Amino acid sequence: MITLDGVSKSYPTAQGGRRIVLDNVSAAFPDGSNVGILGGNGAGKSTLIRLLAGSEMPDRGRIRRSSRVSFPLGYGGTFHGSLSGRENVSFIARIYGANLRETIDYVIEFTELDIYFDMPVNTYSAGMRARLAFGTCLAIDFDIYLIDEVTEIGDDRFRRKCALAFRERMRRSDIILVTHNSRTIRQYCDRGAILADGELRFYEDIAGALDCYRRLSETLQ
Amino acid sequence: MSFDHHSPQLAIDHKRFSQALERDALDVCLDYLRRNQAPEPEAAKLISRLSEKLFRNGRTDDAVECGRLAFALAANDNEVADFCAWLFSNCGCYAEAVAAYERLIEHRPDWVEGYRHASGALAATGAMDRAIAFAVKASNLAPDNFDYAFHAGCLLLDAGKAEEAAPHLARAVAIEPENPRAARALSAAIYSLDRLDEALRLALQAEALAPGDTDITIHATELLLRSERIDDALGLLDAATDREPTNPTLWRLISAAESQSGATEAALAAIERALALVPDNAEYHLHRGHLLYRCGDFVAAAEAINRAAALDPCSQSAKRAQLELLVVGGQLTEATAMGGELLRAFPDDNASAEAVLRVLNHRLDTIDGDYVVVADRSRHLSRPPRTEPSFIDRMRSQTRVLFALIIRETRTRFGESRLGYGWALIEPVLHIALLSAVFSLLMRGAPPIGTHFFVFYYSGLVPYLVFIHTSTSIMHGVTSNGSLLQLPPVKSFDVILARGLLEFATDIVVAVILLVGFAAMGIPAMPDNLWSVATALIATGLLGCGVGFVNAVLQTLFHGWDKLWNNMTRLLYFFSGIFYVPGMMPDWARDSLAWNPLLHAIDWFRAGFFGTYQPHWLDRRYLLVTAILALLAGLSLERGLRRQLSEPA
Chain R
1 MITLDGVSKS YPTAQGGRRI VLDNVSAAFP DGSNVGILGG NGAGKSTLIR LLAGSEMPDR
61 GRIRRSSRVS FPLGYGGTFH GSLSGRENVS FIARIYGANL RETIDYVIEF TELDIYFDMP
121 VNTYSAGMRA RLAFGTCLAI DFDIYLIDEV TEIGDDRFRR KCALAFRERM RRSDIILVTH
181 NSRTIRQYCD RGAILADGEL RFYEDIAGAL DCYRRLSETL Q
Chain C
1001 MSFDHHSPQL AIDHKRFSQA LERDALDVCL DYLRRNQAPE PEAAKLISRL SEKLFRNGRT
1061 DDAVECGRLA FALAANDNEV ADFCAWLFSN CGCYAEAVAA YERLIEHRPD WVEGYRHASG
1121 ALAATGAMDR AIAFAVKASN LAPDNFDYAF HAGCLLLDAG KAEEAAPHLA RAVAIEPENP
1181 RAARALSAAI YSLDRLDEAL RLALQAEALA PGDTDITIHA TELLLRSERI DDALGLLDAA
1241 TDREPTNPTL WRLISAAESQ SGATEAALAA IERALALVPD NAEYHLHRGH LLYRCGDFVA
1301 AAEAINRAAA LDPCSQSAKR AQLELLVVGG QLTEATAMGG ELLRAFPDDN ASAEAVLRVL
1361 NHRLDTIDGD YVVVADRSRH LSRPPRTEPS FIDRMRSQTR VLFALIIRET RTRFGESRLG
1421 YGWALIEPVL HIALLSAVFS LLMRGAPPIG THFFVFYYSG LVPYLVFIHT STSIMHGVTS
1481 NGSLLQLPPV KSFDVILARG LLEFATDIVV AVILLVGFAA MGIPAMPDNL WSVATALIAT
1541 GLLGCGVGFV NAVLQTLFHG WDKLWNNMTR LLYFFSGIFY VPGMMPDWAR DSLAWNPLLH
1601 AIDWFRAGFF GTYQPHWLDR RYLLVTAILA LLAGLSLERG LRRQLSEPA
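For the record, the sequence lines run as chains R and C. Going by the numbering used here, the first residue of the first sequence is number 1, and it counts up by one from there. Going by the numbering used here, the first residue of the second sequence is number 1001, and it counts up by one from there.
FYI, nobody ran anything at the bench for these hints, they're computed from the structure. It is possible that part of the hints are untrue.
Only part of the chain R face toward chain C is listed, based on derived beta-carbon distances under 10 angstroms [as the list claims (entries may be wrong)]:
1) Gly77
2) Ile92
3) Asp156
Sample of chain R residues facing chain C (criterion: CB under 7 angstroms; computed from the structure) [to be verified]:
4) Gly54
5) Gly81
6) Arg94
7) Asn99
8) Leu100
The structure displayed is predicted, hence computed values, not measured ones. We treat Cβ as the ideally placed atom computed from N, Cα and C, and that holds for glycine.
With the rest of the complex left out, here is chain C (with noise of 0.2 angstroms):
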């Protein structure tokens, strides 16, 4: 059967379109229809079943178009403004949908439901305030619902009337609390109201509610990150980045993290990973830049940022990092330039006002204002100038460096050494011992001056040993003391007299402390001419002095020198009549041995203890000379190649 299409009709045939309809003829009532340019609105009820059978068969177009008809028909029939609602709110035609919604409150104000449908459709269509209204009424008419009173709050909170919206939210909550959604948007709610610590409950309640949800846990961590629980917050954001590695938020949320726990390589790391997944996000560059510029890879800091400006241009925080990396390169011109158009672009912000202010200043901070900037000429106090010393002062501030270099010296002299300065006491001891020991078996009687062995070989060894040491200890004083050089005062003749100071005193203190043990031993070890003994002392002293100096700077040249001197020395042991007297050699023998000062040296100290000995080959004048003559090579020396003494080895 089939509807006559030559004669156009001018009512619905009720009987014949339902039996079309019920056999399901879809497209035959829809034909008929379109041509059919009036209805009645009694057709109302059947357009309506004919829209629905579309609907259900997935012809979502030509199905709407029978809503539109049947509501044009009959808005005021509630049977099919009903079914128009839902159709409509079904086929996204929210517009049309909060209309029919309209109608039926009007027609029913008690109906609770149709206002939050309602609500529903004008969020749909961006309505909000309306949506609100009627959101908020439903809620209020049945506060016994969840849904209604989840509905309203979210709406009100996406509105940003966190105040209003949490006692909604609140209700929703008390009425299922085991909703993770609800505490989270409660949380949401009171952390806008700055009850961080509440909010911050919930939003652990409802991660813990609902592990797996991403959302729920980026909210989590960002109420974390403000209560400063970063290892908290950085064991959530793990868990979830191992459920969901593709979600740059949680990368980020690791970022800020670990930055704010100081470790920026890290926070670099899964900043990094984040751009990975959304290479064009500008909040994202912009982090970037100011991490990196806190690793002070200021051009790859300028890198980013200039990247996210490019991609955000309105971006006030991306254009004052330029403003900031600009002062830093130096680029004061562009600076200004970009600080003119940052107040331009933004006239009431604060941060912008004070960046150029800093630009303008000249004043060099870091983002996080850690540095001081110290070229604050402005309290800089005068100060008389010095007046040039003299004489005087240059004699107090020579003895000065002297005192300070002994004193040390004093200290280091036997390095580590527990025995310290005991060393400087028990090397003669042991050399006059052993000689005696030896000796006095040899000669099995008398030494050859004297009535004792220990002074006997006590008058050799002393000036042989305050040779040796002034000598061998100066050799040493520039190399082993380079570095004091660095300090200006102290000049390589200060170090070297120190040391020959030092150990002259040493071993003249030895020399007395052994006196008085012969003394406690029951010897007499008087010298018989103090005067003598001690000017033969100082000459000694003298000669180790230059002697020294000139190994000093031997030693400084050719490096080994200290390992020959060592050898001759061990030769001067032998040719210096420390354990004989020269008087017992053939003369051709002691005349070549006269030609070594510290024979001289020797004999001189001699003569002085025993009134007895006077050797007439002693010659005092030759030592002063040989003395003289060395510290005078020594100190041209030191002076001439000072250059190269003093030069960092």
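Excised from the complex, chain R in its bound form (with noise of 0.2 angstroms):
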């Protein structure tokens, strides 16, 4: 369960100004239920996720987990070119105290990278440092996934497989989602919520949130 009592976050935009994310919001996520959050663009997505996440801290309230929350699914950026994939996901393993060895073991059974496990990370493609991210962020047993758009990698059948693997996952775990496409949340979601002038405004059903925000988006075109 998160819980967001009285936050509010803003950051500075190019012009000068200040954009405002989220305007004394509080607000719950509560266990087992998967929210799909909608938002325009720069509506505070990415932000907010990162707020959840713990990796960025509110301007004023607070964000009380009680829950193990994930880095933001996919996410790549820790790790260090020089070293392997493996140092790498041995490395965030240790960070949560997941088993080394089960980690590792799933992290190469999902993400097939052969011999480039054991190579620096920086000789990966793109698309294996994807395959890694996502592997890692899997194998650790998160009690809520946070999601910041689904991104879909490699080819059909590697892209089932990561399917498959999370919804293995969504069995025990929970997911929160940020997207700006409708179509994601149906798929993953049975909350809707909707982020947009700063606040956060839940829905008991997919198909509210969805009217919601198609009438918003109306509107602001």
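Join the two chains, each given in its own frame, into one complex according to the hints.
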């Protein structure tokens, strides 16, 4: 469960003003539900995910997490280029106190990197990096997975593999997903929310959220 | 000469009529005939001849009129009937031709050609069953005739009786193996019987016999595509479009081939060329819609599919595609309505029923079912809620993070350098060697303290390096590891502390290795007071960490601080008493230098190392207080500016 308690967050824009992402928002992401958050471009979707992850701090208010929350799924920015895939995965496993051997076995099986797994990450192609990042995140047993837009990686076969692995994880874990694509929301989530104008509005079902989102984007256009 | 127009005749004057006919006075004859209401049957032959002449003069209507008259007069006359059958066939009056042929066959049941002609005429009138019966009869009566066999086979094939068509066509191919049309027809029949390989072989044979025949090419490529020989099919199609670029079917097939091989863009380009040729083909629009859908362009896909549905309102596949699009677009109400319509229109169709079921289940699949429905909560396992972490849990996870960071730092500290950790040892060795070389020449004798230059400079360098390494490396800790802060358990404090600990530990190990090295070289270099040496180093490390913390914050706030700091460390090299003792300085200079906490660190270390060296200006408390103040300043700055520090650059 993640609770937001009077959380405000804004960031400076290139034009010199500040863009408000959250304005005194109190909300709860309850256990056992997959929440999809819709937001237009620049509504602050990625900032919200970083706030929920705890990699960024709110300007005011508190965010409490009673579950183990993942880093954004597929985020590979923490990989060190001169370390091998194995060393990078070990690092993340150690950080989260996951079983080193199991984590590494899972990632090897999942990413199919073969000999590249023991080579420096900066020799990888973008696709291999993405596979490593995705596999590492799935290898660790998080209670809540944070997803900043669903990106599909690899060929059809690998995509299917990803979807299956993800479904397996979702039997035990929840997700919080931010996206601008209403289709993804309906694929993955059972509750919807909309991030707009510094507000985070929750809807009991996806249809309601999507309806509202459509009206919202129409008025914006 | 002319007929008397005013006196009606009761019978045709044969002699005068034939004379007129011989002179090709056709109009006179016709006129005469038209005025004569009831010619006798014997006139039929003459009328036939008139009819033939009329036909040859291109006056088809008049010829048919005369033909009908002749046939009505003497249907039982074989010569007349034969002529009439020929005439009617050639003038497009197939129903009457059929009657004439049937008359003739009645008289001559073994006239095979008659069956064939009758069949042709029947087929033209659309009476397929009877046409087939006559064609089969002709083919069976004259098994060696190519035309009869081919005709019968084609009729049967068109009627969807592939099984019956196959033997006739096989016979035709056997009689004329070089005939491409026969091979193509047999291929079609065999394909209908689900013998794809054989059909493909025949189609390719036909293609080889008539390489320029587009119809055969189309058939052959369809079979190639069904056999998944996409490249071969594309080869044939490319040649065919070079020959005949305006045939839309060819472009449609290219689109199918490209789409089958996964080249959706190329498939789209091909179907658009086909549509440029026939803009109103519903199936083409539907196909284009599916391709656009696959590209993810739902708006354009919807447009194309709606166009297809408008062009062909009865098309079930267009309706189904519309339904899928509504579902994907989230218009569930409309989708449900459309689903009801679909079910009413095609109550027995499984595909439609499934599509409607999908709507009802809110299941979202693409057309290919490529995506897995993930939000299936029915099998969701509940997990026990996590307990609030205790203080020990927190400490454990803090230690875990520090440990992970330290391991990572050991691997990355020296970057790509092959020497790696060797640098940590080489740096002090170079310093000591250089200083010893220079000053042993300068001083020509003993160092200020102790007996060996190496040991003296060692005692100055070790605390200096501990301080410089910790403070500098921590300074870069946050900026060079910024991405790690994206991992929520990692705080900037952890990154800073891990670096400090690693640098400190490294320098201690290096210091011990150097002592062992001295011992190995036979230089007496054991510290006199181990406790004092150790506390001195710890105090130095604390000072380095404190200054490092402050540095880290300053570095995040002002880029370029590191350059300033690097210059300051060089100055400290001279102002900290590394290669001299402050006692050698005038009092005023020594008193100013004593403000430098690093000078105290080095003297503390030396005082522990050399029992005889106990400088009166050494103030251990001063060092400790500055170290603690720096730590406090660094920690509170880090705490207060944590937001800026963890903000992604």
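Checked hints:
no.: 1; hint: Gly77; in the structure: holds, 4 angstroms
no.: 2; hint: Ile92; in the structure: holds, 7 angstroms
no.: 3; hint: Asp156; in the structure: holds, 7 angstroms
no.: 4; hint: Gly54; in the structure: holds, 4 angstroms
no.: 5; hint: Gly81; in the structure: violated, 9 angstroms
no.: 6; hint: Arg94; in the structure: holds, 3 angstroms
no.: 7; hint: Asn99; in the structure: violated, 13 angstroms
no.: 8; hint: Leu100; in the structure: violated, 10 angstroms
Hints 5, 7 and 8 from the earlier list are contradicted by this structure; the remaining hints agree with it.
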